[in-house]
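Could you put the whole structure together from the sequences, leaning on the hints where they help?
Chains B and Y supply the protein sequences, listed in that same order.
If you count by my numbering, then the first sequence holds residues 308 to 716, one letter each, in order.
If you count by my numbering, then the second sequence holds residues 111 to 631, one letter each, in order.
Since the hints were made in silico from the structure, they are not lab data.
Wrong hints could be hidden among the right ones.
[Unchecked claim] Straight-line C-alpha distance at most 25 Å; calculated BS3-like pairs for lysine-lysine:
| id | chain 1 | residue 1 | chain 2 | residue 2 |
| --- | --- | --- | --- | --- |
| 1 | Y | K114 | Y | K258 |
| 2 | Y | K604 | B | K352 |
| 3 | Y | K597 | B | K359 |
| 4 | B | K343 | B | K311 |
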Amino acid sequence: MSNKIATAGNTGKKVRSDCFVTLELKDSGGIQIDQKSKVEVMYGKANIELCKDILSFFGIENALLTLEDKGAVPLVIAARIEAVIKQLIDTDKEYLLEFIEENNYTSEKEQFRFSRLYLPGNSPSMMLNAGIHDPNGIILDLEDSVAFTKKKEAQLLVRNALRGIDFYGAERMVRINQFPKGLEDLKYLIPHNVHMLLVPKCEGADQIKQLEEKIEKIKSEHKITRPLLLMPIIESALGVEKAFEIATASENVVAMAIGLEDYTADLGARRTNEAVESFYARTRMVNACKAAHIQAIDSVFSDVGDMDALRENVKVSKGLGFEGMGCIHPRQIKVIHESFAPEADEIDKAKKIVNAFIDATEKGLGVVSLGTKMIDPPVVKRAEKTIHLATSLGLISENWRDEFINIAE
Amino acid sequence: MGQKYSNLVKNALGRMVPTEVNGQKQVPYQGIGKYKPEGRKYGPKIASCADFPEDGNKQVASLKEALVKAGLKDGMTISTHHHFRDGDLLANQIFDIAKELGVKDLRWVPSASFPCHEHLIQYLEDGTIHHIEGSMNGPLGRFASHGKMKGLGVLRSHGGRYQSIQDGEVQIDITVIGAACADPFGNANGLNGHSASGLLGFALADSQYADKVIVVTDNMVPFPCSPWQIQGNYVDYTVLVDQVGIPEKIVSGTTQITKSPDRLLLAEMTAQFCLEAGIIKDGFSFQSGAGGTSLAVGDYFAKIMREKNIKARFARGGSNKYLVDMLNEGLIEYILDGQTFDLDGVKSMAQNPNHVWTSPFTSYNYHGKGNFAGLVDVVILGATEVDVNFNANVVTHSDGLLLHGIGGWQNCLFSKTVILPIPLFRDRIPVILDEVTTLCGPGELIDVIVTERGIAINPLRKDLIDALKDSSLPIKTIQDLKAEAEKICGKPAKPEFDEELVAVIKWVDGTIIDSVRKVKP
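Listed below in structure tokens is the structure:
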């Protein structure tokens with residue numbers, strides 16, 4: 308029996324919606340729980356019950372557990388307690404709280420990925436309300452935002468979050484750790500309806516293949532058949548050179564992102580607002596994505612206070628062919644959505660083109676023309692994309708053609 | 111100590127309240143507009159010019175001398191005002207002097223108390239102060255919640271405070287009015303001087319009705335002090351001191367728009383709701399408080415008004431930079447100001463005739479021939495808790511501790527539409543409950559609860575429900591919202607209370623709407 312005292316969770320003045328747990332295993336004396344909770348009046352009893360239940364689940368009969376609670380919800384407390392237990396005893400058992408039915412949705416290859424909100428994987432306070440800001444996706448991050456010593460407890464917190472936090476329809480993504488360490492993250496994610504894995508610092512198709520082997524193994528163990536989508540992140544010079552190879556490594560690679568902090572560091576260049584130093588990498592990556600028919604996703608914009616600069620940044624990004632961007636603050640989401648959305652004149656033009664195309668098809672004409680101008684097929688295709696985007700975003704109604712028919716009548 | 115009451119009665123909202131408080135008979139809450147006292151207002155004593163200096167110089171050497179001359183003695187009622195907020199230096203001094211003079215059992219009637227008044231706990235303990243009638247914030251509220259105050263606390267709204275003084279429920283022996291500027295005759299304002307706080311409206315009732323009125327300033331100017339927000343004709347003594355307040359704490363840093371994404375979302379949803387409900391239209395009026403979320407609502411209003419070229423006739427409020435900017439931009443025609451939260455507000459009030467100072471009499475007093483609060487189209491307020499019947503609490507937390515004052519909150523409920531933007535839960539504490547811990551405002555006056563997970567409209571407001579029926583906003587029932595919070599947080603246990611009462615909450619008409627019990631240690 309170990310006399311070590313294990314600790315997990317976060318403490319400190321600024322910590323909210325989290326708890327800090329210590330556990331010391333004893334030889335006798337039964338279970339002793341010391342609780343100091345901000346919400347003791349309302350949840351003190353429930354917390355003690357939960358602590359006891361988890362300890363008993365793992366067969367612990369004699370221990371001193373302290374719980375310093377700053378308003379953590381049960382799934383957070385449970386993750387913290389499981390983390391301290393697993394530091395002291397070797398077990399494959401998992402204490403799983405309810406998988407809420409709201410989390411039983413799937414994602415599709417072809418869905419919008421304008422915005423994805425990064426959530427540090429060991430900070431529960433940001434997770435609970437992430438979905439209400441309506442990002443296209445949320446990313447529970449196990450990589451850079453989690454301290455090295457907190458990796459294990461973050462796996463458990465992220466697992467519990469995937470089961471118990473309602474992200475209100477956002478695509479459920481997790482950024483795993485870099486290859487090969489990231490392989491150890493998978494068993495905490497795959498059984499819990501993660502939609503997409505972000506693969507950081509991806510540098511070749513072989514990494515994707517090895518990752519997929521492990522994924523398939525876990526999927527078959529859990530009898531999971533739905534595909535698990537992948538978004539590799541290109542963050543190095545080598546990654547850029549291998550972009551097309553990575554993009555086509557698997558049919559589950561549906562999008563690819565670029566991470567400019569690491570990339571510019573790898574170049575030995577300074578990251579600037581004008582981003583000249585990464586222009587080649589970005590355009591190269593966009594080209595690889597389009598060649599592979601997958602989405603090209605841009606890096607994050609780190610000045611969370613400057614919405615005007617963000618707007619400009621997204622315009623440039625969209626202009627290069629990117630179809631989405633990372634967010635590190637919920638307020639960035641709306642700006643990103645608005646900026647990736649087609650503009651009014653763009654929509655108007657697209658309406659005219661698509662309408663002319665439908666008219667021509669109905670009349671059996673081989674050539675589409677608008678006024679005196681001939682319209683080439685790729686132009687029609689782009690216009691159709693714009694219309695699809697505009698209707699999906701609610702910018703125009705599904706019946707947008709009515710106005711043309713009415714005018715015609 | 112708390113008070114054991116054997117003869118509590120059930121008021122019209124089903125809350126158990128005492129019929130006597132600190133030796134005074136009380137009326138239980140009867141319903142909105144039901145209790146109409148007859149008779150005449152309280153009359154202060156008739157004064158004679160013959161008793162006052164012919165040269166108009168009422169200045170005495172010190173606050174102590176003024177208090178002694180005013181006849182400070184055991185059992186008196188002393189009032190002060192919170193224009194200096196957490197930077198107030200006067201209230202503590204008054205009771206230091208009382209202690210020095212060996213005076214006991216005083217009743218303190220502040221218009222609000224702040225953390226800086228924690229100093230007074232020693233006097234509540236040693237009997238210098240018997241009890242507090244006024245909003246108790248922070249440390250004093252905590253002290254009272256544990257039943258340590260000798261008498262029962264009485265909490266009133268700003269309007270209720272005016273009403274109680276006007277009606278003679280609270281008879282003030284000595285009031286001490288701190289002012290940024292005064293003349294020796296007693297004319298005073300809050301505009302000029304380094305302790306500028308904007309206006310002195312909270313001291314109006316006291317100046318009119320107290321037996322003895324003392325004006326204290328650190329900026330004594332020769333007669334006339336103009337403009338005179340307090341009229342010297344009510345004043346007995348004036349005092350010049352080195353400092354009445356700490357300027358940086360008078361205009362506190364709390365008046366910043368929130369940066370919390372969750373709160374900004376609440377504010378945005380609130381503004382969108384008002385737009386879709388047809389409330390934001392040319393000539394409308396609004397009131398939004400000084401909290402971070404309320405400021406953000408004002409900011410979103412401004413954005414909408416700019417986009418749609420809409421002008422508001424007036425905004426009521428605690429004024430601040432954001433409201434002043436809207437006034438200067440022409441988005442609102444008038445600010446009717448009740449208290450000024452920053453220097454931009456103070457400056458604007460001094461210079462802009464459309465920035466009008468008001469008082470609890472004009473804005474909030476329920477025993478008047480109308481008041482401004484009822485004329486406001488929409489008011490945005492906060493709450494610590496709301497129940498499924500839309501009743502709300504602003505004074506206690508869900509653990510039962512008394513930590514906030516009522517302010518103008520109850521009075522503002524008479525606005526045409528009352529909206530409370532509140533997070534559905536705060537660090538696991540759900541905001542919507544089956545029953546509020548303390549009922550401060552009846553649900554029939556509370557129209558809309560905006561949370562980040564949905565908006566509940568009071569079923570009584572069929573017009574709003576109709577107006578929003580095709581909205582893309584997440585309109586839900588209040589029961590659904592409550593269930594959603596409990597699904598995330600768990601169902602909270604209720605706090606356990608002792609039988610003893612520690613305070614009562616007055617409604618705007620002077621009746622008792624609820625009582626606050628001692629928390630179990």
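Tested hints:
1. K114(Y) with K258(Y): Holds, at about 13 Å.
2. K604(Y) with K352(B): Measuring from Cα to Cα gives roughly 11 Å; hence the hint holds.
3. K597(Y) with K359(B): Given pair K597(Y), K359(B) holds - Cα atoms ~21 Å apart, limit 25 Å.
4. K343(B) with K311(B): 22 Å, holds
Consistency with the previously given hints is maintained throughout, with no hint failing.
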